[in-house]
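Trainee: The lines below spell out each chain.
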Amino acid sequence: MEPNRIDDFTWEIPRDSMPGMRVPGVVFATESLLRQALQDRALEQVANVATLPGIVRASYALPDIHWGYGFPIGGVAATDVEAGGVVSPGGVGFDIACGVRMLRSDLSWQEDVRPRIRQLVTALGRTVPRGTGGGGRLPVGGRDLDRVLSEGVGHPLSRGLGVEEDAELCEDRGVLTEAIPKLVSLRARQRGGPQLGSLGGGNHFLEVQVVEEVIDSATAERLRLHEGQVCVMLHSGSRGLGHQVCTDHLREVDEVSRALGIDVPDRQLACVPVEHAAGQRYLGAMAAAANFARANRHILAHAVREAFAAVLGGRVEGREPPYGLSLVYDVAHNLAKLEEYDLDGRVRLLCVHRKGATRAFGPGHRELPERYRGTGQPVVIPGSMGTASYVLVGTPTAGMRSFSSACHGAGRAMSRTKAKKVMSGKDVIEDLEGRGVATAASQPALLAEEAPYAYKDVSEVVRACEGAGLTRTVARLRPVGVVKG
Amino acid sequence: MPGPPKPAFEILEHTADIGVRSHGATEEEAFENAARGLLEILGAESSRDGGSVETVDVRAADREALLVSLMDELIFRTDSRPTDGIARIEVRFGGPSALRATLRWGPRRRSPEAIELKAATYHQLSVKRAGAGWVTTVFFDV
Chain A
47 MEPNRIDDFT WEIPRDSMPG MRVPGVVFAT ESLLRQALQD RALEQVANVA TLPGIVRASY
107 ALPDIHWGYG FPIGGVAATD VEAGGVVSPG GVGFDIACGV RMLRSDLSWQ EDVRPRIRQL
167 VTALGRTVPR GTGGGGRLPV GGRDLDRVLS EGVGHPLSRG LGVEEDAELC EDRGVLTEAI
227 PKLVSLRARQ RGGPQLGSLG GGNHFLEVQV VEEVIDSATA ERLRLHEGQV CVMLHSGSRG
287 LGHQVCTDHL REVDEVSRAL GIDVPDRQLA CVPVEHAAGQ RYLGAMAAAA NFARANRHIL
347 AHAVREAFAA VLGGRVEGRE PPYGLSLVYD VAHNLAKLEE YDLDGRVRLL CVHRKGATRA
407 FGPGHRELPE RYRGTGQPVV IPGSMGTASY VLVGTPTAGM RSFSSACHGA GRAMSRTKAK
467 KVMSGKDVIE DLEGRGVATA ASQPALLAEE APYAYKDVSE VVRACEGAGL TRTVARLRPV
527 GVVKG
Chain B
1154 MPGPPKPAFE ILEHTADIGV RSHGATEEEA FENAARGLLE ILGAESSRDG GSVETVDVRA
1214 ADREALLVSL MDELIFRTDS RPTDGIARIE VRFGGPSALR ATLRWGPRRR SPEAIELKAA
1274 TYHQLSVKRA GAGWVTTVFF DV
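Those sequence lines, one after another, are chains A and B.
Numbered according to our numbering, the first sequence spans residues 47 to 531.
Numbered according to our numbering, the second sequence spans residues 1154 to 1295.
If you're looking for bench data, these hints aren't it; they were derived computationally from the structure.
Wrong hints could be hidden among the right ones.
[Stated by the list, open to error] Taking lysine to any residue and the SDA-like style, the derived pairs with C-alpha atoms no more than 20 Å apart in a straight line are:
(1) Lys466(A) x Glu1266(B)
(2) Lys466(A) x Tyr499(A)
(3) Lys472(A) x Ser1264(B)
Bound-form chain A, shown alone (with noise of 0.2 Å):
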């Protein structure tokens, strides 16, 4: 499958590529990303997710894109609701919303935690519940677990763990009102809510970062940040809550699918219409997964503060905890949201799905907290370990380019037994610390799995984002501690 090259970042798979597809593909990418995105199946993915009925425009592929289940991982997919457009859990996947908090601090790198990294990456490693098994720091059964799958973030703050604003910076200001927790079966609440407020395994992780260049200085400054800064970022989701929900309704939705007789190339795209009960209700169990993830972050961020206060207290001339610790942004990377476009003149109501990818509004979006009305949208693009990470926001472009999309991280580019063969997981932490990276891993067997070179380059990828119209980059910061699960 070869596709046209409309421009630099654009490229094209034509609508009869393959049978059945509805639209055409659309990836955005250099050819240098577009040639390692032809080294697997994830252009054959593309073209499949373009046959799903209701689609609109094009089925979209980002620059991290790589094979995924179904979906491919950095892909995006609008239906027509109105229209009998169709949501496929596939599409959003099993870590439902999964997704980047970010947090920046009044803390100078070389004056204040330089000294200390060593000591912070061992006490956040302590503090954070990551790997598997084991349970989080904010247990959860019963009620208690029903009031965090209806008020996501709104759970934890009213048992007195963060602060206001970090629901306010939150994607969805930290809560979905349209989540249904009846509808969380009692295997899904079996598996998760013991496991509220832990990092998981896989590609979780915490990093604490510095910045290391800001490159718009105007909306750098509205986002609090600024050079020689230290950050924090933490990747997680859902955990076993989320991962149950999705294959509980995935298995009704592939049943109904077939009964309704829609054809999809691959059974994991299996979909129903929006407004088809089935699909109604996998919404409803989403939102509340997507709650418990929101909920699961914040939990996790309270943490980080902690293990600062910990390390730091008393030891910082003049400023005390939590050192200015507070949201840049918090959003999902694995989601589909009902969000309304301009299509052909009309206003419609699309269903938005998102896996691997980051909801993107450009400035002015009425969705976005009062902070950010002017700059658009902080999309946190964590790179793979050891390398760069990147904060952006949204274009005004965006919503016409990719229905307000843009990339989620360096994304893949080999194989996990292959990753594992170039290195081991000691030569990994052994590399990391050399290059001045503090690292913390609970199974250092599997570090390799997860080594830069597993990855391709996040700056050619933000590039690619930027060349494309879907953001413009603000800051890029380097990890200077990683803790793994």
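Put chain B on the given structure of chain A with help from the hints.
Mentor: Just chain B now, with coordinates in the frame of chain A:
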């Protein structure tokens, strides 16, 4: 001349995730071997089966969905019993869309490379006859 014997299961590479292809002289054996592959990835095996015996009944729309449902059952049950592992699993079909799995539990054999899987997927899912035996393919979300 028959070819070399097929391995019970093999781990399949995927850019972000992981898969298992299993072989068996019978369809039931192919399902059992897929389960063995999954348990190896999860690090949820046991060397001794002196613990409890559990039977699990699984229903699904068809054979392929039955394989996904069995894998999801094992992910859930091993997640719920973090210190126990499965020493043996026996699968018996009860018609085209139901099976009973017998799990023999024992102390978990710790693996430094155990990974947490979110779920089994329907991506490239297959249960097929291959020559005189059966082969299954299933991918998991890491």
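Trainee: All the hints need checking, so say for each whether the structure fits it.
Mentor: Hint-by-hint comparison with the structure:
no.: 1; hint: Lys466(A) x Glu1266(B); verdict: holds (11 Å)
no.: 2; hint: Lys466(A) x Tyr499(A); verdict: holds (11 Å)
no.: 3; hint: Lys472(A) x Ser1264(B); verdict: holds (16 Å)
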